[in-house]
Each structure stands twice: as C-alpha cells, then as structure tokens.
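Just so you know, the sequences run in chain order A and B.
0 is the number of the first residue of the first sequence in numbering that gives the first Met the number 0; add one for each residue after it.
0 is the number of the first residue of the second sequence in numbering that gives the first Met the number 0; add one for each residue after it.
These aren't lab readings, by the way, just hints derived from the structure by calculation.
Among the hints, a few may not be true.
Copies of the same chain look alike in the list, so a pair counts if it fits in one copy or across any two.
Simulated crosslink set (SDA-like; lysine to any residue; CA at most 25 Å straight-line) [as the list claims (entries may be wrong)]:
hint, residue 1, residue 2
1, LYS160, SER2
2, LYS131, TRP29
3, LYS136, ASP102
4, LYS140, THR93
5, LYS10, TYR185
6, LYS140, ILE197
7, LYS10, SER132
8, LYS177, VAL75
9, LYS181, GLU163
10, LYS181, CYS167
11, LYS136, ASN24
12, LYS10, ASN213
13, LYS140, VAL200
There are 2 protein chains.
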Amino acid sequence: MGSISVLLVAKVIPYLEQELNKRYNLLRIWDFPQKSQLLTQHSASIRAVVGNASAGADAEFIDALPKLEIVSSYSVGVDMIDLNKCKEKGIRVTNTPDVLTDDVADLAIGLILALLRRICESDRYVRNGNWKSGDYKLTTKFSGKTVGIIGLGRIGTAIAKRAEGFNCPISYFSRTQKQESKYKYYPSVVELASNSDILVVACPLTEETHHIINRE
Amino acid sequence: MGSISVLLVAKVIPYLEQELNKRYNLLRIWDFPQKSQLLTQHSASIRAVVGNASAGADAEFIDALPKLEIVSSYSVGVDMIDLNKCKEKGIRVTNTPDVLTDDVADLAIGLILALLRRICESDRYVRNGNWKSGDYKLTTKFSGKTVGIIGLGRIGTAIAKRAEGFNCPISYFSRTQKQESKYKYYPSVVELASNSDILVVACPLTEETHHIINRE
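Please model the entire structure based on the sequences and the hints provided.
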C-alpha cells in the first residue's frame with residue numbers, strides 16, 4: 000500500500016481503519032510488543048500518528064519519529080499529546096471537538112425524558128401485552144423542572160439550550176462563574192444539587208472531578 | 000354528600016371522582032339507563048354537569064335542567080356542549096386547555112429521541128447483558144433534522160419550540176398559513192412529508208384529518 004506510514008496508537012472504528020488502510024501503509028502499535036522494534040523498522044517512514052484521549056505521543060516518541068508531520072486525536076482530548084514538543088517541531092495536531100456535542104446533548108435530553116416518562120418501562124409494558132389489562136401508571140413531566148448542570152462547557156451549554164426549549168430554569172456549577180452566561184451560578188456542587196430537580200454531569204473526567212457526585 | 004348535585008356524563012380518573020363525591024351529591028349518568036328517570040328524580044337539584052370531549056350537554060338536556068349553572072369539560076374539547084344555549088342561559092362552560100400541552104410536547108420529543116437513538120432497544124441490550132459482547136450499533140442524531148408538523152396549534156407550537164432547541168429546521172402544514180409564524184408553510188401534507196426527516200401529527204382527530212397520513 001502507499002509509501003506513507005500511518006501509526007495507530009489507539010483503536011478506531013473498523014470503517015476508519017479500513018479507509019486508512021486503503022490509502023496508507025497502516026501500522027498498529029499493538030502489533031509491536033516492543034516499541035524499539037517498531038522504531039527500528041518504521042521510524043523513517045511514519046509521517047502520521049493517530050490516537051485519542053487515552054493514547055497520543057509523548058516528547059520522547061515524537062523525537063524518535065523524524066518524519067512525523069501530524070498527530071491526530073480521534074476525540075476531543077489531546078491530553079496525551081505533548082503539544083509543546085509538537086509546536087517546537089512544527090508538527091500539526093488535530094482533534095475532533097464539537098463533532099459529538101449535539102449527539103451527547105441529544106442523548107442527555109433523551110435519557111432525561113426516557114427516565115421521567117418511563118419510556119423504556121412503558122415500551123416493555125406494551126410489548127408484554129400488559130396494556131390490555133389497564134393503563135400504564137402516570138409519570139412526571141420534564142417541562143418546567145429545574146435543571147442543574149455541572150460543567151458549562153460546549154456540551155453543558157448544548158444541553159442547557161435544549162432544556163430551555165422545555166421551559167426549564169437552568170443553573171450550573173463550574174470552577175469559575177461564566178460572566179457571559181445568563182444561567183444561575185452556584186459555587187458548589189452540593190448547593191446546585193439541592194436546588195435542582197435534575198442534575199446533569201457534563202464536565203471532563205479529571206482528578207479534580209472524579210467522584211464529584213457522592214453521598215455528600 | 001352536599002345538597003348540590005353534580006352529574007358526571009363521562010368517566011374521570013378515580014381520584015377526581017372521589018373528590019367530587021366528598022363535596023357533592025355525585026350522580027353518574029350510567030347509573031340511569033333511562034334519562035327520563037334521571038331527570039324526574041334529579042333535574043331540580045343538578046347544578047353542574049361534568050363531561051369531556053366525547054360527552055357534554057346538548058340544548059335539550061340543558062333545557063331539562065333548570066338549576067344548571069356550569070358545564071365543565073374534563074378535556075380541551077367542548078364539541079359536545081351546546082355553547083350557544085349555555086350563553087343564552089348564562090351557564091358557565093369550562094374546559095382544560097393547555098394543561099397537557101407541555102406533557103404531550105415533551106412526550107413527542109421523548110419518543111422521537113427514543114426512536115432515533117433506539118433508547119428502548121439499547122435498554123434491553125444492556126439489561127440482557129449483551130454489552131459484554133460488544134458495543135451497541137450506532138444510531139442517528141436528532142439535532143439538525145428537518146421536522147414537519149401537521150397542525151400548528153398549541154401542541155404543535157410547543158413541539159416546534161422544543162425542536163428548535165435541537166437546531167431542527169421546522170416546517171408545518173395547517174388548513175391556513177399562520178402569518179405570525181416564522182416556520183416554513185407547506186400547503187399540502189404530502190409536500191410537507193417529502194421535505195421532512197421527521198413528521199409529527201399534532202392536529203385534532205376530525206373527519207377532515209382522519210387518515211391524513213396514508214400511503215400517498
């Protein structure tokens with residue numbers, strides 16, 4: 000296949016892997032139990048590294064690939080890519096922010112509605128034929144309920160926008176108050192939670208946010 | 000058991016029936032196979048009639064109840080109440096518009112999301128333990144899809160407002176174009192359908208709208 004070698008350091012969906020394979024000499028890091036072997040054989044031909052939020056390229060690895068032109072993250076996160084090193088060597092870094100924002104926000108609202116209106120339970124109720132013996136019990140409405148969002152980034156904002164369509168008062172918690180936001184800010188997660196009917200977690204998972212939702 | 004007689008001409012939920020029963024001498028029309036018997040015994044004491052979209056009070060019946068002060072419809076529809084006769088005799092008529100608008104609109108969006116994202120199927124997939132053998136297949140997003148609404152009344156408008164939060168272009172069909180609406184109007188259901196990814200029926204069921212969705 001092509002003379003350009005592309006190194007996968009993380010798994011991508013089969014379709015993408017196939018397409019890359021058609022166009023390039025595709026290498027998979029997991030085929031090389033020893034990194035030294037990979038570097039000996041291919042360091043001179045690898046021009047692209049494809050990773051994600053959990054696998055990228057550190058400074059040492061970047062230095063070992065003299066022909067490297069691009070490090071691509073197949074997700075929003077670029078935490079595993081040494082950005083300073085890339086900048087220094089003029090290596091492009093790409094990621095995929097916003098691609099999934101709408102989908103995640105859609106699904107958040109979908110799951111809230113499914114939970115409040117017990118859509119999955121009702122679905123089973125109908126499929127099991129229980130509707131013949133009576134109506135499904137009443138559920139509760141989403142519209143007008145107070146929604147608290149932890150993390151008002153791209154996804155949190157997209158969720159808030161959708162919830163507004165349901166006339167839900169929105170409030171949020173984040174590390175710092177967003178001056179440009181019209182939503183009510185709470186400086187603590189606990190305060191936000193106690194003032195919300197529905198609590199949405201839309202922050203990145205970091206050491207700081209790990210277990211942000213707990214018994215407290 | 001008060002001295003005021005209230006006549007139910009349609010079934011209401013048990014809780015409401017109980018509450019009415021606590022406060023008034025509650026009569027149920029189905030306990031009187033002969034209307035004449037009901038009238039003979041109670042026409043002098045009935046001061047309220049409670050019905051819904053399918054059962055109300057016609058002119059003859061209203062005339063037969065000299066003490067009637069109010070006809071209440073336990074739904075939006077007042078089709079079965081002779082409004083002219085009530086006006087003529089100073090009888091109040093009440094109904095319950097808007098009470099369920101938000102709920103119906105919420106559920107419409109909830110079902111659209113559940114369908115597109117296959118939430119019920121995914122729920123079964125997880126509950127059956129299939130997640131252990133692999134990810135659920137990809138589904139499709141709601142955001143940005145064109146939504147066509149048949150009937151831009153209270154409920155249609157509430158659905159449109161929610162869909163806007165998902166950045167969905169909205170168009171609609173109704174008997175007449177609504178000048179105040181910013182949504183795109185199609186003068187035919189077929190045209191609307193062929194220009195929509197998602198079609199929502201939000202019109203009353205009448206002879207005119209019966210089978211408005213068909214193979215054509």
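Results for each hint:
1. LYS160 / SER2: neither (47 Å within a copy, 53 Å between copies)
2. LYS131 / TRP29: Result: close only across copies, 22 Å inter versus 55 Å intra.
3. LYS136 / ASP102: between (30 Å within a copy, 15 Å between copies)
4. LYS140 / THR93: Between copies, since 24 Å is at most 25 Å while 42 Å is not.
5. LYS10 / TYR185: neither (39 Å within a copy, 47 Å between copies)
6. LYS140 / ILE197: both (12 Å within a copy, 23 Å between copies)
7. LYS10 / SER132: Answer is between; shortest inter-copy Cα gap is 17 Å, intra-copy 49 Å.
8. LYS177 / VAL75: Close inside one copy (21 Å), not across copies (43 Å); limit 25 Å.
9. LYS181 / GLU163: Answer is both; intra-copy 12 Å and inter-copy 19 Å each pass.
10. LYS181 / CYS167: Both, since 13 Å and 23 Å are each at most 25 Å.
11. LYS136 / ASN24: The answer is neither: 59 Å in one copy and 28 Å across copies each exceed 25 Å.
12. LYS10 / ASN213: neither (32 Å within a copy, 46 Å between copies)
13. LYS140 / VAL200: both (20 Å within a copy, 20 Å between copies)
Hint check: violations occur at hints 1, 5, 11 and 12; the rest are consistent with the structure.
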